[in-house]
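Novice: As you go down the protein sequences, you meet chains A and B in turn. With this note's numbering applied, the first sequence covers 42 to 362. With this note's numbering applied, the second sequence covers 18 to 359.
No lab work stands behind these hints, which were simulated from the structure alone. This structure is a prediction, so every number in the text was calculated from the model and none was measured. It is possible that some hints are incorrect.
[Said to hold, decoys possible] Stretch-level coverage of chain B by chain A, calculated; a stretch enters the list once three of its residues show a Cβ under 8 Å from a Cβ in chain A: (1) 150-159; (2) 229-240; (3) 342-356.
All C-beta atoms, glycine included, are put in the ideal place defined by N, C-alpha and C.
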Amino acid sequence: MNITYLQAIREAQARALTDDPRVFIYGQDVGRFGGAFKATKGLAEQFPGRVIDSPLSEDAIMGVAIGAAIEGMRPIVEMQFADFSTCGFNQIVNQAATLFYRTEVPCPIVVRLPSGGTPGSGPFHSQSMEAIYAHYPGTIVLAPATVEDAYSMLLEAVAIDDPVLFCEHKFLYNHLKADCLPDVAMPVGKARIARSGRDATIVTYGAMLHESLAAADDLASDGYQIEVVDLRSIKPLDTDTVLASVSRTGRLLCVGEAWPWGGVTAEVIARVSTEAFGMLDAPPQRLNARDTPVPYHPSLWGTHRPTAGTIASATRRLLEL
Amino acid sequence: MPDVVQTPAAAGTRMGEEYLKAYRIMLLSRILEEKLSALYRGGKIKGGVFLGRGQEALSVSVGIHLRKGDIFAPLIRDQAGRMAFGDTVTDTLRTYLGSALGSMRGRDGNIHRGRPREGYYAMISHLGAMIPVVAGGLMARRFRGETGVVGATCIGDGGTSTGAFHEGLNTAAVEKLPLVVVIANNQYAYSTPTSCQYACADLVDRAVGYGIPGHKVEGTDLAECLRVVGGAIAAARAGGGPQIVVADLLRLVGHGEHDDGQYVDPALRQARVGRDCLMVAEETLVTEGWASTEDIRGWHEEAERDVDDAAVRVQRESEPDPAKEIWEAISSRHLADRFADA
């Protein structure tokens, strides 16, 4: 069996629909068409009445999901692109994320956000929204970087009683393959040491995990052993695993595809600086996308976001500090 | 405009009963809100106080036609509708005064209260946002095979200008949900007159665009409100899909008690739309022979007594204790991001 990251997302939804009658899928083109990326392919036929096409109304899509969740359902919302979730932003951050604190009624919704850049996608089909949503209290934000995590974390997300922003990466949809789906999985909220090393720690997530692993390979040929931490879960952020890694290596580079300002990389560095300043042998560094809209042309896009090459260069500079 | 109501003699008793029940709720709501205003002016209430004076007849007509098991998402000026749906003087006071015993436990206040598990949704401040939420609640009921359920929500003329209003109503229409949206066209959104709010001849014309029935009612006339809102709710309950009701009336107070509403056109106050629905109802009670002036005076005194007693009691209750507060925004405690609290 050869299964892609995208197929894993489809299979997780099929399993959730099978296992839990409270689950339904709501979003644009998710029904018979099977979704813009085919993440719900065949599910409308397999689960009649439970995979529902919505109007082109992100605010109402989220509102409907919230109302259904109040009444005990477990909706999975597909935003066609993470970028468009800004049109449902109010419902997500002000309604879903405040509901439990205000009323003691939980809000079990999974919002699937096809995230991140692909060549030619441009400013409005490439965004990474994880820091924006993690900023708000009342959310759980996940960013799976592997086929196994795409499957197991989505299944776990459906079982969580709170709003989950599921930042699945479009670049990984068809690029990433695994032999099979996992039977056992690491839980949400735990980071994973994706590669062990002793000279420096790279903390990253999503598509940048694979760029970072390639950079670590490159540095290995120079004799450097780089540890790579895959956060998996943005909120809650597994600070303990990050601190433990940095205490072993003494050096930290945070890599994110999102914009730098107030982002996940800044949060990781803030935590390491306040909790493990004495463990650091060099100032912690970060590498993010440039602070411009995501450009359309592949040649511009390829230098807008971090790549294995720029990550390796940044790591070399860190090692020389 | 609707015709002036003609009370059928044969239906007089039953209609009188409903009218009287609705009036008593309007009266209690009015007196409770006057108390809230006094508590605000006395510095006892922190934050805003937002009153429904002039809108009680419309609001009560929504709550009174909903049943246990229905969904109601009231808005800012729906004290009467809330009480008709089961909210209490005590919980209203607790929420305004910040009692730890209130349904929001000091975590939210004033009109932002509800008990979602009982179908009484707690509004957020962003206008229009509750419309799709009620639609989603109704979709859940449909998933479970429940029939005969209605969801109702209220909004003002200002709220009709939001994207959420459009998206929510359109979605409900596409799904043919039993949703009733009651629009209080109260002439001002805070200080903005309707001339700056919409350009259509009448807000009820919007119904055509959504492919749903629209109903118009004179919002100062309780009998008309009961008939028209009741009819819209019955139509939705019977499977007629979403309905909108547009009521013309005038907000007889400022936006909140911090606002004197000096911008309101004096001509509107003198016009039929500016009548006080509570006084109109009391005149009707007497002329129809459903109550005497002595009855009405007695009911005023009873309501004042009940509200005063509750206010004294609630003011003795504890405020929320920051040291005992659970500072967690998610229910999955094992997934709380604890670092931020460190």
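Novice: Decide, hint by hint, whether the structure agrees.
Specialist: So, going through the hints one by one against the coordinates:
1. 150-159: It holds, with 9 qualifying residues against the three required.
2. 229-240: n = 0 at 8 Å, threshold three: violated.
3. 342-356: Coverage by chain A holds here, the residue count being 11 at a Cβ distance below 8 Å.
Hint 2 from the earlier list is the only one contradicted by this structure; the remaining hints agree with it.
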